[in-house]
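Chains as they are written, first to last, in the working numbering: chain A, 26 to 574; chain P, 265 to 593; chain D, 2 to 345; chain G, 9 to 337; chain U, 25 to 361.
Rather than coming from a laboratory, the hints here were simulated on the basis of the structure. Quick caveat, the model's predicted, so the values are computed rather than measured. Here a beta-carbon is modelled for each residue, glycine too, at the ideal position from N, C-alpha and C. Do not take every clue at face value.
[Said to hold, decoys possible] Here are the simulated distance ranges between beta carbons:
#1 A:THR486 / P:THR390: 52 to 60 Å
#2 U:PHE40 / G:ILE126: 56 to 64 Å
#3 G:LEU17 / D:GLU152: 44 to 52 Å
#4 P:LYS402 / U:LYS67: 47 to 55 Å
#5 A:GLN407 / G:VAL22: 27 to 35 Å
#6 G:THR90 / A:THR486: 33 to 41 Å
#7 G:LEU154 / D:GLY92: 33 to 41 Å
#8 P:LEU355 / A:VAL242: 29 to 37 Å
#9 G:PRO98 / D:VAL130: 36 to 44 Å
#10 D:ARG308 / P:LYS297: 38 to 46 Å
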Amino acid sequence: GSSNSGGGPAGAPKKGGTVHILTLGEQIAHLDPQRNYTGTDMAFAVSTMHRTLTSYKYAGGDEGSEITADLATDTGTVTNEGKTWAFTLAGGGTFEDGSPITCADVAYGVSRTFATDIITDGPSYAMSYIDVADYPGPYKATADQQAAFDKAVNCVDQTVTFNLKVPVADFNYTTTLTAFSPVPKALDTGENYDMKPVSSGPYKIESYEIGKSLVLVRNDKWDQASDPLRHAYADSIVYEFGLDASVIDERMIKDAGDDQFAVSEGIQPENLQTIFEDDAFKNRRVDYLDPFVTYTNVNVKSVPCLDVRKAVYLALDRDALRKAGGGPYTGDYADGFIKPALAADYAKSKMLEGLNEDGTPNVEAAKAAMEAAKTSCPEVAQHAADGLVYPYPDTPVWAKAIAIWIESQAKAGITIKGEAVEASKYWPTVMAPDAVYDLARGGWAPDWLNASTVIPELFATSGGFNLTHNDADPDYAEFQTAVDAAKVNLDRAAQGKQWQELNQFVVDRLWALPGTFVKAQSIWGSKVGNAYQWGPYGSFNFGELSINS
Amino acid sequence: MSTFAELDHDDVVIATEIVGKSPRELAWMRFRKDKVAMFAVAVIATYVVVALFAPVICALLGISPTRLDGAALNDYGLPNGPFGNISFEHLLGVEPGTGRDILARLLYGARVSLMVGFIATFLTTTIGVVLGVVAGYKRGRIDAVISRMTDLTLAFPSFLLIIALTRPFTQRLEAIGVPEGNPARLTYIVLVLSLFGWVYVARVVRGQTLSLREREFVEAARSCGASNSHIIFKELLPNLWAPVIVIVSLSLPGYVSTEATLSFLGLGMIAPAASWGVMLGDSVKYYRSDPTYLFIPGIALIVLVLAFNIVGDAVRDALDPKGDRQNLL
Amino acid sequence: MRNHDSEPVLSVQNLQVSFTTDDGVVRAVDGVSFDVYAGETVCIVGESGSGKSVMAGSILRLNNSSTATTTGKILLGGVDVLSADESVVRGLRGSEVAMIFQDPMSALNPYYTVGDQIAEAYLVHHPEVSKKDARQVVLQMMIKVGIPSPEKRIDEYPHQFSGGMRQRIVIAIALINSPRLLIADEPTTALDVTVQAQILDLMMDLQKEFGMTILLITHDLGVVAEVAQDVIVMYAGRIVEQSDVEAIFHAPTHPYAWGLLGSVSSYGASKRGDLFTISGSPPSLISLPEGCAFHPRCVHSLGSGSRCQSEKPVLRPVGNNGSRSACHLADEVLVSIGTGTGAR
Amino acid sequence: MLLFIIRRLFFAIVLLIAVSVFTYFLFALLPTDPAALSCGIHCKPETIAANRIRLGYDKSIFEQYWLFLKGIFVGRDYGIGTAAFTCPAPSLGYSFNQHACVTSLIGETFPVTAYLSIGAFILWMMIGIGVGAIAALNKGKWQDRLATAFASVGVSLPTFYFGLLALFSIVIWFQILPFPSYESPLDNFPAFITAMILPWLVLAIISAASYTRLTRNGMLEAMNEDFVRLGVAKGLRLRVILRRYVMRQALIPIVTIAGLDFAGLLGGAIITESVFSLPGMGRMSIRAVVDSDLPVLVGTTMIAAVFIVLANVIVDIAYGFLDPRVRVS
Amino acid sequence: MNSDIALQAINLVKYFPTGSSGLLGRPDKSVKAVDGVSLTLRKGATLGIVGESGCGKSTLARVLTRLIEPTSGQVILNGADITHTSGKELRDVRQQMQMIFQDPVSSLNPRHSIGQIIGMPFTVQGQFDKEATPVRVRELMKLVGLNPEHFNRYPHEFSGGQRQRIGIARALALNPSVVIADEPVSALDVSVRAQILNLLEGLQAELNLSLVFIAHDLSVVRHIADEVAVMYLGKIVERGPAATVYTHPAHPYTKALLSAVPIQDPSSRGGAGRIRLQGDVPSPIDPPSGCRFRTRCWKAEALCEEQEPLLTDDGSGRLVACHFPEETPVAIGNRAQ
Ligand SMILES: Nc1ncnc2c1ncn2[C@@H]1O[C@H](COP(=O)(O)OP(=O)(O)OP(=O)(O)O)[C@@H](O)[C@H]1O
Ligand SMILES: Nc1ncnc2c1ncn2[C@@H]1O[C@H](COP(=O)(O)OP(=O)(O)OP(=O)(O)O)[C@@H](O)[C@H]1O
Ligand SMILES: [Mg+2]
Ligand SMILES: [Mg+2]
């Protein structure tokens, strides 16, 4: 359970002031709603600039994970056995130029997702769900293609209807993504929309300089009455980019000047002791479970031997890894890939026998497993002894982690060949179809509170983040069938059960080795109010931050 | 007149009063008098020896640069004891996060840092001296070509290029058979440092050669029928050691420092290998929670670089004592 | 020696200059005393390294290096230069006493026009004069030292001048304040003979015009013969002989002076007349031979165990023409030369 | 003189073209595929192909270079269909990562780098020459030793280490300055100064070192010049001699090197900008390296080269003004 | 070809390109360092060449020794044209003809011991022999009056005169028949100068060398030369038997040069009839038209500007390039040779 607390002294948040966000990033990955697909950035964009059809409640704790209407009047109507979803706009919303938000703007926004040659990096749900073929996006579409799209996503008055290829039980969760935000066609600048998207929320961009700052000011065309969710306490929000991680922590600890009005995006492991051992920070720090689960993918194709996978898992010094990340603050040892926060889908799974609960390696058991492997699959065992290729992002943190891997696996007679990959190019590199590896790290947060955004994504061949090559496993067919069944099950409780079983199915086969249910820590300035962690995104609800004078 | 051969027996008497010493010996004599410089030499020698025998020393002390010591860390992953857990077991404490022994990592790191420094210096010096001498001596077209190469090399923002090309070129190197990982990276660093570094050596050497070649002993050698290679290698080169030694001693620390910077940027050595750069880059984060760690690699580097600088200055003074003649002010 | 009624312009008394070096103490000037009287031209001759320049430099305290030790007295118009305040010495430099150095190529500041440099020397001792007036003075001076079209050349830089012309500029700098004493340290050695002749003539003309006293350092005896009244011969940091010019050329009292004269060829002599040589080379100033520093090269040396090898000769009057000599055997040498048996 | 300048400029342009060719081909032939990198986690072969077209890497390298060159003079079009747009001349390309024309990106970041460079340059010249002069005037005394040590320590510290150390100690331990946070001097001058003073100092101290050395040696050499002796013999004051005779000569080599160093800085003080979070060109270029943002990389490299080459020309011309001997009549 | 002639130069010209123009900075002017010089050196004789600084003496020496290629003209050594030899042949030429240099400091490699320096000719000629070479070097050292025990010493340990002896020993190493000495005593002290002059003279007699002796000071050449050539601005203005030239110079320049040398006799001070030349030597880049000396010549007339005087025999075995030479007394002309 997460200890999610609201920040600052009690009492209703006040209006006014400037909130600062300190970050080491050089820019917001994407401000273009259709390209925005990272937790923090979505929390930021949704709460300040990009209203969506549906959203999560603006609250901390479990309540924050509840779906609610935003632009729409309700959380959507589903018909046609889950294949048709309709949302009616509540009306009254306006863009920053004063023009009203219409159904056409929503449809246009969605259509942009399809222009993959410009609109990169965004989620692909629209493309996989919406029932249209060969649509190249609005920029290049011929009239026919556009007409086909308009049929799939059609507007009648202020009601937008999505016609889907497959039944999607929780499509209204999908629409919480900014990819379903409206974009006024007349103001679309394509490639450059990323730098200055048109706001539909309470704030708009005053200036944006990559590597320096993003300044949001109040959008005077925004009407509180039309927006049931947002409060927009602060007068302006300033994102400060490109700061050194240590410097951010230091500024937060020092809490001087404008930094009293600042929040940062996490605490470096080396400073956790300072912040969590000192009561001076009691009211402006939080330690919470964020949506992420970390794990290690095993390439089932190149390590087609359960004994070897077991040996690796048993030999792994998870305790050392956790310490390197800040001890218990790194997170809890995971027992699978579904976090307890996904209450409907989570059940404690039965872990590998011999795995120490305290995270220390069980060298004896690992050696035994290796011995067993030498008879059950001698070639794979030899491969493990020769060296398992493990690409990792070339960062200081990972430099230590890989050292721990190498050192702890060596004790069981397993060699790890670390391969440093430039951090920014890590994912494209390991996800390339021809990438060579035996082990690969993974970390996943569900897109919404349904393991349908976890198990199929991570372990089905169609999943966007399957690094396990598990189709080489003879059991894969069985798994696939079960996943397909679970996906279209409209009975949420029964579906949850199916996910639980599938989770156990993967844990048993060790297609991936569960790591931790990640915990995160945050600190905010002493004058910042309303600093709660927003569950679905695992970050502050930036738009709701307030300033206590 | 008596025969001319007899003329000068008095000369002989006088000349014997001068002690027979080669210029090199004289320089060495002067150098030896500089206590600080001798100490610096001792420091460098210690570094080299310690780096060479790192495995032996670690074995003797029972430490290892890779062994994890979770017991030396607290729950936050920070060293348990005061001063970064300096103890008998870990003479310089342990690395936060992993508990690896800092002394052992420092010793092994010295190998990388010194290797980069020495090899890069060797390469730059060799290339620079050869091209510089040839350009200065041959003049004409060869000089023009080398000078244009120099101009072109200098026109590039070298550090940016070094950074930008690290990954792709390491991959290229791996593709052509350099062992993956650190060997490839080391090769790259050394090569790229040499690629941009030779220019400075070549410029100095060319300038020196230009003035040397006007000296009559070069002409004398030619008038005896000496080949170009004889003149370059036997006549000119011995006279270039002085400036070259000075450049070497001043550029070597620069290379060590650049390696450190690349490592800091995550372009240096790959885990679990240690290099001072990796350690420096890592240690700066701990200035609050483990300041001891912060200072250890920093001091190690500064002492080395300082030693080289002192030696470089002293060598120059020893080789060129005329700098002492300050007549007026 | 001529009689001098007046006070000497320059009186050097027991001057010693030594430099501490890595290899030992260099006794560049080792107890030198002499007087220079108004209107005279005194030449100092001696081999390279015999301490001429160092001695000359001391007169204006130019050897202020941290490694130099200077003792003795140098009286310039009643002021002891060696103990005087820096400001007093600065007042003397360039106004009372001016210097010309050997190498005109490097003696001029390459970064300023020659006009500026001459004017600078004038203005520093005439702060009340305006730049414009100073320029007029400089032009006058340039005409005096024989620089053609000075209006044009005044604004040129030293590198645009030939060696002879540069030396003229240096002379202009030296003379612009009409100094009482001009110290010229080998002013013509770096020049060609034809130019050397021009410069010497110029200096002598100017001496007449300004009534200066000149202390001329040279190692060219021809030059001495042309201009000197009094001659000082230095060897290894000491004065070995001081005589008037006639005496030096006709009756040298020191074997070194004698050898120096004999070893120089003059084009009047005929071919294949073997030159007399002083064998060997000058001693190291760090470890001078015991006794007379010249004895290892001296044809008259009395051999081992003699005074020549054990006792430092002092400079003393010899003969009857006012010469002073620092040779134990001065009188004998004089006689032998007189009879012409000294030459081998 | 005019002909000389024209000739130098002509060579500069030739050199720049060579640099542009080298840079362009070097980066373009790298094995990394920017198209594959631009779509992150969700790369599918079709997306990569589409991206390649979007980024313009589908064209041949020669065509790309031609477009690049043409862009400099007439601007360049990007995008497709209704989403097309233009980067006006002089266009150095378009950054798909930063969604901006490279020229305007450089226009935004360059002032920061320029302020940083100019301030640091002034400071380091003052410190370097001042300390060097003190050393020269006190040769062999403790002041000299101290200055030499300063010079050695200065060059021996890697910028990132010294920078962070300075930042932590001055801002955190001694709390003398607030955390630097860049503001344009036109908006908030005091904030600008407080943000810049530390990076200025750090760069200054690191770079001043070699100037201390140069000044010291240059002055000592100058003091041995005959013309300085003549200056003393003229009766000039020490101050005048130092200024007009000694410094004037010692400064000439310094000007040469300072010009090039300054140009090097203008090309991006990469590490300093990163450590102090200054939104300058250096940090932008390192970001471009990380993102494989080739247009920005090529652009910044070119700009840096322009500065270096230009500085060379200016230094050459300045040389003529400083040293009348070099002046071409 | 006269077998009595050791070295002959025929109309030698050496121009050094200089200056710059155009975008590419190609040289557009040239220094006319040697401009049509013809010489003959008889076997066993000494030819003195005098002239002021920059008149082209060293350039001439370097062209003669083939250290640089002449722009035009011919060099003939012992009957063979060596103007364009190269490779092996050139190396043989180097054996026959050697050079002694002006500066005793810069002509010896400070990093080499005396043994190495004097042995260098053997090394570069490929005649180095572990046994024989050191013996020969010691012989040479003795020959020039150096202590053979100093074999392993370095140049900086020797005085100027001794260094010049080292240079001479090196020049003699390969037993050359012709030696060209480029101002070998100019940098030496008066007292040492005489030693070297005597040494050279003695060696020449003993080894039957043919010697070209270059100096800028007529009085030095006087003692050693049989014949004297006077150079002015790249050209020879007067050439002839030493006795004739010294006692009865025909060219005004020679006359001026002689009279400029200070006479070592205080009694003849301020003597009448002394010629003082005005001004400096003009630039060799664009020398005066006609007679090059006319700008400084007190006899110059319009003819001198228009027409270049040719080097012509005035009947006494001496050649002079002047439109208005001094008269040569016939008696003296006959006395020579
Ligand atoms: N600053 C110094 N430090 C050490 N030794 C010095 C210094 N200045 C001069 N000497 C030495 O003092 C001696 C006398 O030198 P000085 O320059 O006076 O000779 P000189 O007679 O002028 O010779 P020259 O004819 O070559 O000019 C020389 O041996 C010289 O090396
Ligand atoms: N390599 C060269 N390039 C250009 N000019 C040269 C070169 N060598 C000599 N000169 C010029 O040629 C002319 C003759 O020079 P040279 O050295 O032969 O004169 P010199 O008579 O030997 O003079 P000195 O007495 O000074 O040695 C001079 O003007 C000189 O500047
Ligand atoms: Mg002198
Ligand atoms: Mg010459």
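- Structure versus earlier hints, numbers of those that do not hold, lowest first: Numbers 2, 3, 4, 5, 8, 9 - these are the hints that the structure violates, sorted from lowest upward.
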